[in-house]
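Trainee: Just so you know, the sequences run in chain order A and B.
Sequential numbering from 18 applies to the first sequence in my numbering.
Sequential numbering from 21 applies to the second sequence in my numbering.
These aren't lab readings, by the way, just hints derived from the structure by calculation.
Treat the hints loosely; a few may be bogus.
As the list claims (entries may be wrong) - Just a few of them, taken from the derived set where beta-carbon distance is under 10 Å, the chain A residues facing chain B:
(1) Glu30
(2) Ala32
(3) Ser34
(4) Lys60
(5) Asp64
(6) Ala99
(7) Ser167
(8) Val171
Backbone N, C-alpha and C fix where the C-beta goes; we use that ideal spot for every residue, glycine too.
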Amino acid sequence: MDIIRAIIVDDEELARSIVREYLSDHPEIQIAAECSNGYEAVKAVTDLKPNLLFLDVQMPKLNGFEVLELIEADLAVIFVTAYEQYAVKAFEVHAVDYLLKPFSRERFDEALARVQEKLARNEFVPRLEVLQAARSGTETVERVLVRDGSKVFVIPTEKIDYIEAQDDYVSIRSEGKSHLKKQRLSDLQSMLDPKKFVRIHRSTILNVDRLARLELYAKDSRMAILKDGTQLQVSRSGYEALKELL
Amino acid sequence: MHPILSNQERLAVYLIGWLIFGVMLAAVLALPRDFSWLEAGTLAIPLTLVYGLICLSSWYVCRVFPLQKTSVAQVFAVQALAAIITIAVWGLLGSGWVIVLERVLTFVAFRTRVLAKAPLMIGVGFILYSLTAAVHYLIMTFEASKESDRRELQSRIFAQEAELKALRAQINPHFLFNSLNSISALATHNPSAVRAMTLKLADFLRKSLRLGAQEMIRLEEEISMSLNFLEIEQIRYGSRLQIVQRIDDVCKDCLVPPLILQPLIENSIVHGIAHLLDGGTITLEAEWRGSVLHVHIENPIDPDRPRSKKGGLGLDNVTKRLRAIYKDDAQLQSDERDGAFRIDLWLPAQTNLGLDRSTSESVHARLTE
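Build the full structure now, drawing on both the sequences and the hints.
Mentor: Rendered as structure tokens:
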């Protein structure tokens, strides 16, 4: 059997140490890294491409679900947390198991058995589906997470100017920079506050706070002029949506 | 709102009372045979009823000069003046009525005979006015005590609710589970640390149960419980959690409601330290200023942390509890600025020094130094 490479993510050293200790009975599993926060976890997963992730939920900066949203590798995830309330969501993102702290060695081994089974079958849920699940239920978000290589950007939604669809990606324009993120525009739109963000065009979402004025430039077609001078095309239905909001 | 005019039943009872007075007055006039029964009845009954209505206005006088806020002499002076004015108005109306009766019912020498009875009428008027004023004062006292009962009951219920909530929130299950997980992690390699943490945890649980059941505890006990809590969290958070405390010795005997600081300290970890990669320092200060106990809690905070929907619930509970216990005499302020979260708490500085002379004297000595 192949070696399984695992990463332990928890902000508490003691919580990591017990996973480490239980793993010492399993020579087939090698600890590739230990991370004490979400940023490190995203970087480690991107660089080390592990097969297995032990993931705490409540951590500084990025929580466990946000980490999952930002990584692309196909891997097995075991959530390890003291909170019961994330269990449903954990299985929605196809976590292999959900360990409630404190947990016994037997319970831990059971979780590992499931991981080995899953890795043996090598069947992974498509990333996009996992991503959608990771974001679901989070009503409207206050920040959007973007990863560039192993670097993570946290963009508060009020700092977003507009968002444009680009093939499989969305380009998020904020503070003079564009951030690419693999996501559907409609999925992103459903996460944003509908009182602030309007789909003004098939391929554009606008933060209405940035709008300076609207100009008619052809029949049924308008141009949104932003406060920084940027011009964005507004479709007829986009205009209706804007009118409704303003 | 006039207590009698605004309530039909009360008004009916009131007017029936005055009708009886009217009949009595008619009898007083008719029995010595100075007036016929018809004369006495047509004079006394309508006039008394009208007087009853006029006397209702004494409510406004009573309200402006309530018994609690006015000296006895003032009450008498004001009410006497009001009585004179009321009687004068009544007298004016009465004269009109006498003239009408004399003309319409052709009573002989009615005016002269009524005038002869004027001193009696004035006397009756004075007594009846005084009676009405007394009734109004009675109603006022009754309603005030009902209102204060209601308010007290409400604040008691509220205090109890807040107490219960505080106690339930006190032993945060996740705090327990995480601590137990730490103990489990320490078990293999560090048995003495397991023992230390178990003892700390037991200590904390026992303190919070024992102190939580009391109405007031000494600040020193509350702080020691909070520090106990922080020490347990320090085992979990390691070097990410630092504690600085500056507690004036004189404050230690101040009485505070139990578990009033602990939720604030817990907040500073859950919403502050836990979101910071490198953690930070929680500062706890207490000082005695005049008649006020001032407690200050400060912790670093990540301005970009995800806002939890529950944020501020702990603060809300503490504020509600303070209000229930101290009404407007306690204050809690919080503000977030430059990556720091600050809480200031002002409480009336109370001690139970009367019960303990030696402490009382030593605190007094320290205060006068």
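Trainee: Work down the list of hints and note, for each, if the structure agrees.
Mentor: For each hint, the structure was consulted:
Because the closest C-beta pair between Glu30 (chain A) and chain B is about 6 Å apart, less than 10 Å, the hint holds. For Ala32 (chain A), the suggested interface contact is upheld, since its CB lies about 6 Å from the closest CB of chain B, less than 10 Å. Among the interface hints, the one on Ser34 (chain A) holds; its C-beta lies about 5 Å from the nearest C-beta in chain B, closer than the 10 Å criterion. Look at Lys60 (chain A): its Cβ only gets to about 13 Å from chain B, farther than 10 Å, so that hint breaks.
Taking 10 Å as the C-beta contact cut-off toward chain B, the hint placing Asp64 (chain A) at the interface is violated, the least distance being around 19 Å. Given hint, Ala99 (chain A) at the interface with chain B, holds; its Cβ is 4 Å from that chain's nearest Cβ, closer than 10 Å. Using the Cβ-Cβ criterion of 10 Å, the hint placing Ser167 (chain A) at the interface with chain B is not satisfied: the shortest such distance is roughly 16 Å. Hint on Val171 (chain A) holds. Least Cβ distance to chain B is approximately 6 Å, under the 10 Å limit.
The structure shown violates the earlier hints numbered 4, 5, 7.
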